[in-house]
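Chains B, C and D with the ligands: place on chain A using the hints.
Now for the letters of each chain:
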Amino acid sequence: MMMPMLDHDVVPPAAPAHPAPGRPVELEAVVREHVAVNDEYRYLSLDLPEGAPHAKPGQFYHLLCPTGDGLEPFFRRPMSVYRVEPEKNRLGFLYKVTGTGTAAMARLWPGDTFNLFGPLGIGFTLPADRAPIVLLGRGVGLATMGPLVPFARENGHRVTAILSARAPDLVMSVDEMRAAGADVITVTDAEGTSAVPHVEGILEDLVAKGACAALYVCGSSRLTRLAQAVAARHDLFGEVALEQQMACGVGVCFCCVRPFRENGETVHRRVCCEGPVFPLAEALA
Amino acid sequence: MMMPMLDHDVVPPAAPAHPAPGRPVELEAVVREHVAVNDEYRYLSLDLPEGAPHAKPGQFYHLLCPTGDGLEPFFRRPMSVYRVEPEKNRLGFLYKVTGTGTAAMARLWPGDTFNLFGPLGIGFTLPADRAPIVLLGRGVGLATMGPLVPFARENGHRVTAILSARAPDLVMSVDEMRAAGADVITVTDAEGTSAVPHVEGILEDLVAKGACAALYVCGSSRLTRLAQAVAARHDLFGEVALEQQMACGVGVCFCCVRPFRENGETVHRRVCCEGPVFPLAEALA
Amino acid sequence: MIDLSVSCGGLALANPVMPASGTFGLEQAGIFDFERLGAFVTKTITPDKRMGNPTPRVSEVPNGMLNSIGIPSKGAAAFVRDVIPRFSQWRPPLVVSISANTPDAFADLARTVSVEGVAAIEINISCPNLEDDGKAFAMRPESTREIVRRLRDATALPLWAKLTPNAGDVAAVAQAAQDGGADALVVANTILAMSVDVTTRRPSLGNVMGGLSGPAVKPIILRMAYQCARAATIPVIGCGGISTARDALEFLIVGCRAVQVGTASFVHPSALVDVVDGLEAHCRETGIARIEDVIGSLDLTQAEHDMMGGAAPASDPAAYAEAHA
Amino acid sequence: MIDLSVSCGGLALANPVMPASGTFGLEQAGIFDFERLGAFVTKTITPDKRMGNPTPRVSEVPNGMLNSIGIPSKGAAAFVRDVIPRFSQWRPPLVVSISANTPDAFADLARTVSVEGVAAIEINISCPNLEDDGKAFAMRPESTREIVRRLRDATALPLWAKLTPNAGDVAAVAQAAQDGGADALVVANTILAMSVDVTTRRPSLGNVMGGLSGPAVKPIILRMAYQCARAATIPVIGCGGISTARDALEFLIVGCRAVQVGTASFVHPSALVDVVDGLEAHCRETGIARIEDVIGSLDLTQAEHDMMGGAAPASDPAAYAEAHA
Ligand SMILES: Cc1cc2nc3c(=O)[nH]c(=O)nc-3n(C[C@H](O)[C@H](O)[C@H](O)COP(=O)(O)OP(=O)(O)OC[C@H]3O[C@@H](n4cnc5c(N)ncnc54)[C@H](O)[C@@H]3O)c2cc1C
Ligand SMILES: Cc1cc2nc3c(=O)[nH]c(=O)nc-3n(C[C@H](O)[C@H](O)[C@H](O)COP(=O)(O)OP(=O)(O)OC[C@H]3O[C@@H](n4cnc5c(N)ncnc54)[C@H](O)[C@@H]3O)c2cc1C
Ligand SMILES: Cc1cc2nc3c(=O)[nH]c(=O)nc-3n(C[C@H](O)[C@H](O)[C@H](O)COP(=O)(O)O)c2cc1C
Ligand SMILES: Cc1cc2nc3c(=O)[nH]c(=O)nc-3n(C[C@H](O)[C@H](O)[C@H](O)COP(=O)(O)O)c2cc1C
Ligand code: FES
Ligand code: FES
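Protein chains in written order, with the working numbering: chain A, 10 to 294; chain B, 10 to 294; chain C, 429 to 753; chain D, 429 to 753.
Same shape as in the complex, but just chain A (with noise of 0.2 Å):
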């Protein structure tokens, strides 16, 4: 490979090395924002404590969410990081009340601190030579790709994020992928534009059109399938962000294993510190 490496983060299609995360700490955040971005989504920003370390896009925290009042959540909540902005010392999540934790988390206000650690696991890696990227994610899965968008942009690569949601009014994030240079494509179940062979059909066009040299999945088993079938069938690289129930977040429990093929065998992984983002081919999803 003679190709000019931009960023270690950056590597050949042909053996996607992953870099190596940053030592993760335990701190205390405090909250700057907190809002409601549409029924289900909600949007926290944090202010960071002087030289903590900050993630990569695809990287997690696990956040230890306030108990009180009923809500007595006992082990950490993992969450992707959906804005980093270093030079503000800043982070953002974004995140749907699912649960105890969630919800537990919903009731942060301005000022208040939330105790994080992270960051933690294996963030996304772009390919070589500038080549032109398209996501593909469905619900909490916009949040994991947020990042991916700007990062790629600041890499020279052309984006196109292909946003699938269960109606139009739910579809996050249009407006801040484009700000960030994306083309942006929703496809939404309300409109009949969400069933795979549509979604397929974008995606073969893109491939055809040349801007589709590498795929990037998360947030649907179903759309995962479908990405691994069109990056097979066009021999495109692809990497996947999967998620799985955590408990220590850093390797040393095993809980958060999937099964993956490797070598014509089925293996377990961690998704919290083998991933959470892995090769899309190998995943079994």
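Just so you know, these hints were derived from the structure itself, not from any lab.
Treat the numbers as computed from the prediction; the structure is a model and nothing was measured.
Glycine residues also receive a C-beta, built at the ideal position from the N, C-alpha and C atoms.
Hints should not be assumed to be uniformly reliable.
[Said to hold, decoys possible] Facing chain C, a subset of chain B residues (Cβ under 7 Å, in silico):
{"#": "1", "residue": "E35"}
{"#": "2", "residue": "F84"}
{"#": "3", "residue": "F126"}
{"#": "4", "residue": "A256"}
{"#": "5", "residue": "C257"}
{"#": "6", "residue": "V259"}
{"#": "7", "residue": "G260"}
{"#": "8", "residue": "F263"}
{"#": "9", "residue": "C264"}
Only chains B, C and D with the ligands this time, still in chain A's reference frame:
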């Protein structure tokens, strides 16, 4: 007995019968006021919901202290009423932060709700005949004694309160009790006036002057034993308010027992429902 | 109308919710509506008058409590004379909990309380058997079978055997109780535990060790109730850490026919009635007509749940036949 | 300078704090300072490569967690080759946890890991013995004595026997392990438990049942550690629900010579080091020069504590000789 009875809480010294407590309920009170009285004590005033039953002096509530941020009290905490204001539908507690529950309670803000269960237990009874009474209290005991002053005054009793504390600035309620019509004598460790022989002298003087036909004591084993001796010597009516750790608060779990003398035998009685106010002579203090 | 009624251990109950022994008494009559309960269960009584243990008798721990109340008791005679008749004013059946330290005394007591007004006897066999080195009857299958048989012969009333979670093989003890003639199993009593005040270096209980109850024990007792429900054919009554209708549902789903609520009533005085209301609400919301349909409905199909909304491929089952770590 | 050092089970430890097996690994090297630990304890390894249990493998419960990780293992050979040497860069001694399903395989494994760099072997005998109907070795005193004896013959390294809290008589098992030749006892592994998702009616773990750990188990395990420390003369290492220095002190006060911290590290990644710091601070604040002075310092004098600041008269001790309810 031919004496007129002012109230069913006012009974002749010879046969003190306890009034039946009002039916206790679980309710959500709202914090009106929450202030530090001195370095150790706080005053919490609550608005009760419409129609809530009101406590009698000496009765208590069982408080569900809020959980959160590392303070996770499991049991309710018993707390005597310090101020009862049925006409305003209000209730006040005077308390000392001593551990988990009271520390959690100390974080309540005006407007917060606070879950109470009560009123519970059996309160103070007054002697018949508008006989003059003497209150002897120390520490938290003063809180329990608080509402006895207006109650006794309204029923025509002359009241002398002997308030004991480590130091003069820790004696509470002096002004309130004076305003309610009590003669107040303060004794403190710092001034060297709180020792048993000195307090005994004060009591003997009061008895000699005819100002002490009944004795009420709370908050100190030492003072309880003194009061027992003086009451026995002069055949005075007397009551003591006792404390013990509680779980149920209503008499079913038998955790809150203390030993009493009954016909020469030692028996256990439950502080929550057979007290917390007991005949002075019978307590093994 | 949701049908909450269950038959359980020889009794027809209006609903499957009753108090746990030692956490309920006539003192609560003004606090919640006694008519709403599936049954009454009294504090354990012993043949003779007893004082109980030294104070402190309780101590709180994270999400639970320790108690070493002991069994203060006014004796069986006073109980039969003064307490039993007072329950006749309400409809729910009365279950009397008894205990004694020898088989003879236990059998005598069973006879003594087999009177008008008593619907069933719960035998608290977690107490030490003085004829067996002080080991609790329910610690071993053999001693359980024997004492239940003795008591079976002593009374015609339904017999509920309350097991101890301190036994190493609760399912075997459950089977033994069934063999001995028990009509139902109460799973279970408190778990032996302790805590220490680090400042004074004293045990937090006057009795040093005591029984743990409350939410902290629920996952352990639920497991035992499940094991007993699989091991025995007589009804299992779940008891341990049940505070809400959801907790009660967990026990019903794993196969219990009824539940007992103890410690929760100390935190929320109306917990028992709240659980009844919650069961009814759950049935209504999920379209269940009879609570009987919930009992034993545990779904053991191996679908690995997928965090991403699809069904993940099942992994190799052979590789999974491993013990928990 | 506070002296935190203890001798424990054949090793001299700089302090009494170490990780619990299965909650610690090389992955944490960047997260807290490994030099601060009293010892390292590895995840249990098995002779062969294993996959572990189906997901979900963990579930949270009030103040604790359930796990059914199983023992995913790369096998002993890979472990000896790849993992053991990497620990030599730090000073604390390395304790390797092993397990197997037959006495022969267990003994072989003990020999395999008796290599340079290993200071002691912790034997996880909570696993099923396939030659005894799948009952875990540590469920009964006899099988415990036998397996410990077998392993005692297989290695010259100090042997720490890790007991299961699911046994009915842990103190008897502790004595048996000592008889078999164990150098220390780890009390204890997780408590078998379960929980159910009321909405799906599925067990919350893929494996149905799993082990309970975390603060919820502390009062139970503390009681067992106390019983074992009284029953055995070899050191007891407390393990169960320890999250803070105060928790660790409770175990030391009842007689443990060291403690292991597991689940707490998942909530606070620096929990182990925080416990070490907390022990030191406690000693400093209370004027204790050596942590040894805390060990076994439980005060059993029967002074009923009085809520009113005086000493209450002790009640009749005879009347108190009763079982907990
Ligand atoms: C690497 C990673 C990144 C994530 N990023 C985001 C994000 O940016 N925005 C967002 O809204 N959500 C994200 N999630 C999902 C998020 O972790 C869950 O929604 C959250 O844990 C739910 O917790 P709860 O207490 O509200 O729900 P409960 O259902 O009460 O949680 C119970 C337990 O299940 C776990 N759990 C439940 N759902 C999930 C899930 N989908 N993934 C992992 N664990 C789960 C919880 O952590 C907890 O341990 C991410 C998950 C992972 C693994
Ligand atoms: C009838 C009655 C009336 C009381 N009235 C007042 C009052 O008006 N003002 C006031 O400041 N205090 C009063 N107390 C004492 C008050 O209940 C305790 O200070 C409080 O329970 C301490 O709880 P904690 O969680 O802060 O302390 P912790 O030490 O953390 O409590 C641990 C456990 O011990 C119990 N406990 C600790 N101290 C006492 C005690 N003295 N009495 C009973 N239980 C105790 C707690 O309730 C809890 O269950 C009264 C006690 C009783 C029994
Ligand atoms: C204060 C208290 C007293 C108890 N007394 C008895 C008793 O007398 N007899 C008995 O069989 N169980 C007794 N128990 C055990 C309970 O009946 C029940 O088995 C246990 O508390 C678990 O249920 P819970 O977690 O809902 O409280 C007592 C429990 C408590 C907390
Ligand atoms: C995720 C997890 C994995 C575990 N794996 C092992 C193991 O491999 N071997 C073992 O002996 N104990 C294992 N345990 C048990 C712990 O070592 C410890 O005994 C138990 O968790 C109690 O301590 P704690 O409450 O501090 O976690 C495991 C516990 C957890 C939570
Ligand atoms: S969460 Fe513990 S190994 Fe991944
Ligand atoms: S607190 Fe339960 S009987 Fe008094």
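Hints versus structure:
1. A hinted interface residue such as E35(B) counts as satisfied when its beta carbon comes closer than 7 Å to some beta carbon of chain C; here the least separation is about 5 Å, so the hint holds.
2. Interface restraint check: F84(B) against chain C, minimum CB-CB distance 5 Å, threshold 7 Å, status holds.
3. Because the beta carbon of F126(B) sits about 6 Å from the nearest beta carbon in chain C, less than 7 Å, this interface hint is met.
4. A distance limit of 7 Å between C-beta atoms decides the matter here; for A256(B) the minimum to chain C is near 5 Å, and the interface restraint holds.
5. Taking 7 Å as the C-beta contact cut-off toward chain C, the hint placing C257(B) at the interface holds, the least distance being around 5 Å.
6. Interface hint at V259(B): satisfied, since its Cβ lies 5 Å from the closest Cβ of chain C, which is below the 7 Å cut-off.
7. Using the Cβ-Cβ criterion of 7 Å, the hint placing G260(B) at the interface with chain C is satisfied: the shortest such distance is roughly 4 Å.
8. Taking 7 Å as the C-beta contact cut-off toward chain C, the hint placing F263(B) at the interface holds, the least distance being around 5 Å.
9. With its C-beta approaching chain C no nearer than about 4 Å, C264(B) sits inside the 7 Å limit, and its interface hint holds.
When the structure is compared with the earlier hints, no violation turns up for any of them.
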